[in-house]
Amino acid sequence: MTDAQAGDDRQPEARAKGDRDADVLGQAVDSALIEEALGGRLEAFNRLVTRHQDHLFALVYRLVPDPDQAADAVQEAFFNAYRNLASFRGGSVSGWLARIAVNAAIDIQRARRRRPVHPYPEFEDEAWQPPAEPEVEPESRALAAERSVALARALQELPFEQRNCILLFDVEGYDYTEIAAIMRVEVGTVKSRIHRGRLALRGALAPNRELFRG
Amino acid sequence: MDSSAHSRHDESLIARLYGGDVDEVERDQALDLMAGCPDCATLFADFGAIAAAAGAMPVPPRPRDFILTEEDAARLRRSRRSPWAVFGPGLRRSLGGSLAALGLIGVVLTGAVSLLGTSAATQGTFATLDHRAAALAAASSSSAAGGLSIATAAPAVSAGPPELPAASPAGARANDGASSALPAPTNPFGPASSGTEYAIGGGATPGTKSLPSGEVGQGSGVDVRLVWLIGFGALFAIGIAIAILPRRDRRRGRGAGS
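Protein sequence lines, in the order shown, are assigned to chains V and Z. If you read the first sequence in the working numbering, its first letter stands for residue 1, the second for the next number, and so on. If you read the second sequence in the working numbering, its first letter stands for residue 1, the second for the next number, and so on.
Extracted from the complex, chain V is given alone in its bound form (with noise of 0.2 Å):
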């Protein structure tokens, strides 16, 4: 939850309505972003990195669980942007952004699986801890840690191809359509590499099932 989350003290109709908004007024920015950067200006298009790269970092993180490799794929995914400019349709800036980086992403996980490195390089250190809200009590962290720690073992199990459509599905919130068009694979692929891969999921995370539950 961010600061401006926690503050926020309207009522949810409210907010839902606020986030909207947000959201037009955002995605308008982007466009004429776009337009300015189409026209050759190279600091529109560095404000779009700024707006977004946090997000695109996230995303591709969950998939390509190496900050290195992550940030390696984000910048290949802006690069891969600024060069196809001329081939954004309109829309929405983000959602085009999300699939040029998540395809950088999966080059990457494919040239990783040649040559496989330590994912989650944090979770090695036993110290590690989540970064969380000060008021967080300590065996929740703990417990949160050890959750996280246990379930990105168990992803890991996971071919990369349903990893990856479980994170966009229940992380990012993409929908089987969406999915479909980033995976370049047909809806009825999407819906069963989910399915199979949420019960394989369950299945490795069995020696953990208590961390999961109440």
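It is worth saying that the hints were derived from the structure and are not from the lab. From the three backbone atoms N, C-alpha and C, an ideal C-beta is built for every residue, glycine too. Do not rely on the hints blindly, as some may be mistaken.
[Unchecked claim] Restraint-style ranges between C-beta atoms, simulated for each label pair:
1) V:D175 - Z:E70: 33 to 43 Å
2) Z:E24 - V:A181: 18 to 28 Å
3) V:G95 - Z:I240: 30 to 40 Å
Fit chain Z to the given chain V structure using the hints.
Relative to the frame of chain V, chain Z by itself:
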């Protein structure tokens, strides 16, 4: 999270219910299943807990800014015009790798076929020549010692009226005088494909050609196998170039972006 407990249930249906991928009939069926089976209800709850935990997995702070420099932009603008820009890096690597693999396989196969072909042709040539020499010796035992010519322009010799063969000067000298009384030596092996005369035993003389091993039966132009070998080699080189070019591009990009 013991999946074996659900072996008699439709786990896939519960998974599809969680993903919202069921029609109304299936939805009712799944809800009935969950209402009557605590394990199925737990399965559904576990899916929710796992999804929530996945969303809560921490993300480390972004290690750097991804802002493009002027050099990056200039390079990327140039690459917009590049023919490689049509393909993404992944596709380029796949295409390049496939071409290189195809070229390499072609080079190896062509090389192997070439080696085997040369060996077989050599053996076949010697066998044929031995056979021809023996047959000719039996057919014309009165031939004088010295060079014996085989006129391989068979149709003119065997089909025409008996007349002197188009023998080499060496053969003509050997049969000097008595040669007009001899029947024309027909070619017992039928027509040959070449009109060249080949000298056996007496060595090459003017107008004849000695038989190099491996040359019988082949065309006299450019070696086809060599052409294939060069072609596959070029394919391999092009494939490697296509596969490597994007990597160089990416390395430049990383350096500029970091």
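Here is how each hint holds up against the structure:
At roughly 39 Å, the beta carbons of D175 (chain V) and E70 (chain Z) sit within the given window of 33 to 43 Å. Between E24 (chain Z) and A181 (chain V) the Cβ separation comes to about 27 Å, which falls inside the hinted range of 18 to 28 Å. A hinted range of 30 to 40 Å holds for the C-beta pair G95 (chain V) and I240 (chain Z), which are about 36 Å apart.
The structure is consistent with each of the numbered hints, conforming to all of them.
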